[in-house]
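Trainee: Put together the whole structure using the sequences plus the hints.
Chains as they are written, first to last, in my numbering: chain A, 1 to 350; chain B, 1 to 350.
Heads up, some of the hints might be wrong.
Identical copies carry no separate label here, and so any pair may be met within one copy or between two of them.
[Unchecked claim] With a Cα cut of at most 30 Å, we get these calculated DSS-like pairs of lysine-lysine:
hint : residue 1 : residue 2
1    : Lys176    : Lys38
2    : Lys18     : Lys323
3    : Lys25     : Lys117
4    : Lys176    : Lys290
No lab work stands behind these hints, which were simulated from the structure alone. Note that the structure is predicted; figures quoted are calculated from it, not measured.
The primary structure of each chain is shown beneath.
Number of protein chains: 2
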Amino acid sequence: MTKKAPSLLQAMPQPAAKLCLDVEKFITQELGFDPAGKELTLAFSGGADSKALFYILLALAPRLGFTLSLAHLDHALRAESASELKAAEALAQGFGLAHYTTRVDVAALSAGLKLGKEEAGRVARLQFLQSLKNSNPQRWIVYGHQLNDLAEDVLMRLVRGTGWPSLGGMQGLDEKHRVLRPLLLTSRADIENFLDSLKTAPPQGWGAEKFNWIDDPLNHDQAFLRNRMRAKILPLLLEENPSFLESIADLWRLAAFDGELFAHLLKGKNKTDAAAALSLPHAALADLPKALRLRLYKERLEALGPGQPLLRNLLNLDRAWEKRKSGTVIQFPGHKSARVERGEIKFSKG
Amino acid sequence: MTKKAPSLLQAMPQPAAKLCLDVEKFITQELGFDPAGKELTLAFSGGADSKALFYILLALAPRLGFTLSLAHLDHALRAESASELKAAEALAQGFGLAHYTTRVDVAALSAGLKLGKEEAGRVARLQFLQSLKNSNPQRWIVYGHQLNDLAEDVLMRLVRGTGWPSLGGMQGLDEKHRVLRPLLLTSRADIENFLDSLKTAPPQGWGAEKFNWIDDPLNHDQAFLRNRMRAKILPLLLEENPSFLESIADLWRLAAFDGELFAHLLKGKNKTDAAAALSLPHAALADLPKALRLRLYKERLEALGPGQPLLRNLLNLDRAWEKRKSGTVIQFPGHKSARVERGEIKFSKG
Numbered sequence: 001m002t003k004k005a006p007s008l009l010q011a012m013p014q015p016a017a018k019l020c021l022d023v024e025k026f027i028t029q030e031l032g033f034d035p036a037g038k039e040l041t042l043a044f045s046g047g048a049d050s051k052a053l054f055y056i057l058l059a060l061a062p063r064l065g066f067t068l069s070l071a072h073l074d075h076a077l078r079a080e081s082a083s084e085l086k087a088a089e090a091l092a093q094g095f096g097l098a099h100y101t102t103r104v105d106v107a108a109l110s111a112g113l114k115l116g117k118e119e120a121g122r123v124a125r126l127q128f129l130q131s132l133k134n135s136n137p138q139r140w141i142v143y144g145h146q147l148n149d150l151a152e153d154v155l156m157r158l159v160r161g162t163g164w165p166s167l168g169g170m171q172g173l174d175e176k177h178r179v180l181r182p183l184l185l186t187s188r189a190d191i192e193n194f195l196d197s198l199k200t201a202p203p204q205g206w207g208a209e210k211f212n213w214i215d216d217p218l219n220h221d222q223a224f225l226r227n228r229m230r231a232k233i234l235p236l237l238l239e240e241n242p243s244f245l246e247s248i249a250d251l252w253r254l255a256a257f258d259g260e261l262f263a264h265l266l267k268g269k270n271k272t273d274a275a276a277a278l279s280l281p282h283a284a285l286a287d288l289p290k291a292l293r294l295r296l297y298k299e300r301l302e303a304l305g306p307g308q309p310l311l312r313n314l315l316n317l318d319r320a321w322e323k324r325k326s327g328t329v330i331q332f333p334g335h336k337s338a339r340v341e342r343g344e345i346k347f348s349k350g
Numbered sequence: 001m002t003k004k005a006p007s008l009l010q011a012m013p014q015p016a017a018k019l020c021l022d023v024e025k026f027i028t029q030e031l032g033f034d035p036a037g038k039e040l041t042l043a044f045s046g047g048a049d050s051k052a053l054f055y056i057l058l059a060l061a062p063r064l065g066f067t068l069s070l071a072h073l074d075h076a077l078r079a080e081s082a083s084e085l086k087a088a089e090a091l092a093q094g095f096g097l098a099h100y101t102t103r104v105d106v107a108a109l110s111a112g113l114k115l116g117k118e119e120a121g122r123v124a125r126l127q128f129l130q131s132l133k134n135s136n137p138q139r140w141i142v143y144g145h146q147l148n149d150l151a152e153d154v155l156m157r158l159v160r161g162t163g164w165p166s167l168g169g170m171q172g173l174d175e176k177h178r179v180l181r182p183l184l185l186t187s188r189a190d191i192e193n194f195l196d197s198l199k200t201a202p203p204q205g206w207g208a209e210k211f212n213w214i215d216d217p218l219n220h221d222q223a224f225l226r227n228r229m230r231a232k233i234l235p236l237l238l239e240e241n242p243s244f245l246e247s248i249a250d251l252w253r254l255a256a257f258d259g260e261l262f263a264h265l266l267k268g269k270n271k272t273d274a275a276a277a278l279s280l281p282h283a284a285l286a287d288l289p290k291a292l293r294l295r296l297y298k299e300r301l302e303a304l305g306p307g308q309p310l311l312r313n314l315l316n317l318d319r320a321w322e323k324r325k326s327g328t329v330i331q332f333p334g335h336k337s338a339r340v341e342r343g344e345i346k347f348s349k350g
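Mentor: Given below as structure tokens:
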């Protein structure tokens with residue numbers, strides 16, 4: 001069965017093969033990522049995005065020289081979830097691929113952690129995928145997030161009060177956390193067309209059912225902010241501009257370029273020494289323009305651990321710094337804080 | 001009658017006076033604008049925003065040392081519009097202020113120019129206000145745009161495909177075009193509360209009817225993009241985050257800081273020589289990061305005249321430049337274009 005993979009690209013209908021090559025170009029050229037020799041472990045739900053990405057990566061693996069494997073978490077929130085886990089395992093086995101699956105009672109976890117089910121599911125997935133990363137330093141986690149997800153993400157960040165360039169949305173490549181999102185600039189419509197075209201004209205010897213996908217009812221639950229963005233807000237914006245998703249892709253690109261520029265402008269301001277990283281002397285800030293001071297605060301806070309600083313908090317910190325209001329403490333998400341002191345700003349966590 | 005103005009701030013209910021002082025702070029501190037000795041001509045429609053701004057500026061004029069005057073254009077689109085023009089004149093006269101009014105048959109202009117009525121109205125207003133600016137170099141045009149307008153503007157720019165920092169919305173201070181927007185970070189709710197509080201407790205000798213405002217039915221016409229943003233999209237975002245307007249204000253501030261940073265980083269790249277401004281030699285671009293090249297294109301294009309370049313067009317130009325695709329022409333709004341040539345990019349208009 002593994003012999004099929006090298007020829008998969010040739011066996012696909014032409015538009016489906018083109019999509020694979022567009023994704024390859026995105027990975028290698030736009031993201032500048034070389035996956036050769038790495039294990040790419042796909043976070044697989046069985047939905048359209050991860051199902052399509054599975055076949056795209058299967059087609060690209062021999063071209064780019066990576067090993068594909070599959071990870072699936074059974075959230076135990078729906079009756080069908082146990083059989084979906086079995087189907088994920090069978091899919092990987094059918095192509096001789098490694099697979100990592102586990103079952104977490106997310107409802108119980110949600111009650112135990114006093115978190116919503118959406119958030120508890122996220123915690124369970126992150127733990128599961130983190131343990132996989134820990135077990136293999138050559139492993140990268142690959143997510144099926146696509147352009148519609150990115151647009152929803154940008155809107156949620158806008159609503160939440162995120163600054164620039166974070167407003168441009170989730171990263172396509174996160175080297176620090178070994179995360180890759182190859183479909184980030186591919187629209188949901190293109191992904192469904194990809195699967196539909198393969199269903200209509202499957203490679204010889206393959207059944208059309210290989211390209212079915214699961215429509216998780218939780219993706220329609222209007223109790224979740226992301227689903228409200230998807231169902232109510234995004235359609236209105238697409239009505240105003242049918243190319244809205246392309247605009248989002250462009251904005252994401254600009255955010256990446258600006259992120260590089262800010263990193264470049266702040267080079268040398270970044271302390272590798274852990275103790276120094278927790279302090280910003282007033283003197284080091286005084287010769288920076290406000291735009292760069294705000295980004296420097298952000299870098300220091302992000303180095304302390306997870307939790308996106310809100311723009312509002314960063315602006316408040318800078319106002320306190322401008323007035324040298326010693327003793328002012330600004331709180332940030334993720335239990336982080338910054339304190340203006342006599343000669344410096346001190347960052348701390350916990 | 002003019003004697004009333006100096007004491008207006010003291011005669012107002014306390015929260016209304018506070019709003020005036022907040023606006024003063026915004027003008028002088030956040031925008032860094034000193035209006036002393038200038039004539040501030042308010043673009044007055046009679047709606048809540050310009051009605052409130054009229055009294056706010058009336059209260060601030062003696063404190064900040066500017067002269068207030070009023071401009072009103074009768075669009076002749078509604079039966080009441082002629083009497084609204086008379087009311088605008090009477091308002092200014094009542095306080096001994098200069099006023100400039102005119103009537104344009106916008107429906108006829110719309111037919112003549114083959115433009116929508118919204119766009120034709122905009123053209124008529126711009127011409128009218130431009131002629132007022134031409135007649136007095138000390139005149140600044142003051143608009144009543146407020147924070148809800150800014151949020152709608154940010155959303156429209158997002159939908160349209162605008163890059164950063166233009167995505168942060170319209171300017172509060174435009175020195176080149178002598179435009180000021182003192183209410184830009186004041187919410188519509190605060191403005192209506194201001195007028196309501198004055199209606200409830202008017203300064204001695206003033207009638208409550210002085211604080212009535214006109215609700216223009218055109219502001220509810222769902223044929224206009226801005227009105228759809230206002231009626232359909234903004235409420236959904238406010239539902240997700242009741243502080244969404246504050247987030248927009250913060251984003252606007254960040255965009256202003258970033259605008260200053262980009263201008264600073266590009267200083268020296270800006271040619272004052274008109275011929276040189278139309279050309280960017282490849283050599284001058286080669287040592288710039290992509291983020292700055294994109295902003296340099298934008299500056300050159302904006303110097304050519306009105307029309308906001310879309311991010312998409314800027315990215316396309318840079319891709320063509322990166323590949324040195326001589327002969328590639330990229331079109332921009334406002335009949336502007338850029339052409340990649342053998343040794344340079346050439347910008348032109350018309």
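Trainee: Each hint needs a verdict: does it hold in this structure or not?
Mentor: Hint check results:
no.: 1; hint: Lys176 x Lys38; in the structure: within (15 Å within a copy, 55 Å between copies)
no.: 2; hint: Lys18 x Lys323; in the structure: between (57 Å within a copy, 22 Å between copies)
no.: 3; hint: Lys25 x Lys117; in the structure: neither (37 Å within a copy, 46 Å between copies)
no.: 4; hint: Lys176 x Lys290; in the structure: both (27 Å within a copy, 23 Å between copies)
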